[in-house]
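A.B. asks: The whole structure should be built from the sequences, with the hints applied where relevant.
Residue numbers (the numbering used here), protein chains in the order written: chain A, 1 to 258; chain B, 1 to 82.
Hints are computed from structural coordinates only; laboratory data are not their basis. Note that the coordinates shown come from a computational prediction; the quantities given were computed from them, not determined experimentally.
To list a few chain B residues with every Cβ distance to chain A over 10 Å, as calculated:
1. Glu15
2. Glu29
3. Asn31
4. Asp39
5. Asn53
6. Asn63
7. Gln64
8. Phe66
9. Asp68
10. Gly70
11. Asp71
Simulated crosslink set (DSS-like; lysine-lysine; CA at most 30 Å straight-line):
12. Lys72/B x Lys88/A
13. Lys20/B x Lys72/B
14. Lys18/B x Lys88/A
15. Lys123/A x Lys72/B
16. Lys88/A x Lys13/A
17. Lys123/A x Lys11/A
18. Lys224/A x Lys13/A
19. Lys188/A x Lys22/A
20. Lys188/A x Lys11/A
21. Lys105/A x Lys22/A
22. Lys140/A x Lys123/A
23. Lys88/A x Lys20/B
For glycine and all other residues, C-beta sits at the position ideal for the given N, C-alpha and C.
So the chains spell out like this:
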Amino acid sequence: MVDQLIIGGRKIKSRLFLGTGKFSTHQIIPKLIESSGAEVVTVALRRINLDAPEENMLNFIPEECVLMPNTSGARNADEAIRIARLAKAMGCGNWVKIEVIADNKYLLPDNLETIRATEVLAKEGFVVLPYMCPDLMDAKRLRDAGAAAVMPLGAPIGTNKGLQTRELVKILIAEIELPIVVDAGIGKPSEAAAAMELGAAAVLVNTAIATAGDPVVMGRAFGKAVEAGRLAYLSGLGATKEFAEASSPLTGFLESVV
Amino acid sequence: MHLPDVASAFLLGGESLKIKVNGQEIELERNVTLSEFLDSRGFIPERIVVERNLEIVTAEAWNQIFLDDGDKLEILSFVGGG
Chain A
1 MVDQLIIGGR KIKSRLFLGT GKFSTHQIIP KLIESSGAEV VTVALRRINL DAPEENMLNF
61 IPEECVLMPN TSGARNADEA IRIARLAKAM GCGNWVKIEV IADNKYLLPD NLETIRATEV
121 LAKEGFVVLP YMCPDLMDAK RLRDAGAAAV MPLGAPIGTN KGLQTRELVK ILIAEIELPI
181 VVDAGIGKPS EAAAAMELGA AAVLVNTAIA TAGDPVVMGR AFGKAVEAGR LAYLSGLGAT
241 KEFAEASSPL TGFLESVV
Chain B
1 MHLPDVASAF LLGGESLKIK VNGQEIELER NVTLSEFLDS RGFIPERIVV ERNLEIVTAE
61 AWNQIFLDDG DKLEILSFVG GG
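C.D. replies: As structure tokens, then:
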């Protein structure tokens, strides 16, 4: 069975996208990329601390990975566009995860500003993957604005609450012809598998792995869950039923003792 | 006697200028290129991106730009993020 995820003209090996925030040390990142099989990796762009420059993130991400800088810190479209252009100037490709957030409590994305940023950046040749609140009309607007994929949240960032937006994500999967990547909120491998069973093209996981007792092993678990969920989706799930249906033949072969 | 700023600065021996780097004020000598400034701070060119007065400066142009009084630089690099 040929099952190829292609985004922005690039064939993507793994349907698990990996966030690199919140890890206690960068040293763990290459091990995690190996154990999880992830190929698409997100990073953020920040001011260098002039007094104490940190060791650079890029040293820990293998060359063959697809680097997806996010625009975190942006509160509107213009800031997201500025960050995206700066990230591109680093010379690590033209992918960008648009993240426009003005709400500090729930970190929910601003779909309107996200659509505006997507339109500008897609025209400039970026491969744009916008993070969004799952809304069908806005997903269509993102598609029309030139997004390469649409990334609805499962639950607020960093909450590990799972796929709370399941019904809405399901609608996006059914109605939008672009890859749907569930981003944020996925807290367990079983939830990643559930998103994949629904027909998500990929999931993006960060906190659930970064805050696990053993992130490298958890990364492996997520890699397997995403694969299992994808296979389940491709093979077609059996129907659910209200009443029991025996799996063994019910024809009696023992005489009743009553 | 009124002298132009540059001349008065020269006569008074004040050959420094002030720029802002990542929001932090820094005093520099005159006639320093962006490239020399970055080198002096030990930044590795392939790992940073520089914005000067809201415009991205590509690495090829770093040695052609002389830092000016009041310049605002943003020096950024990739960090972990989701």
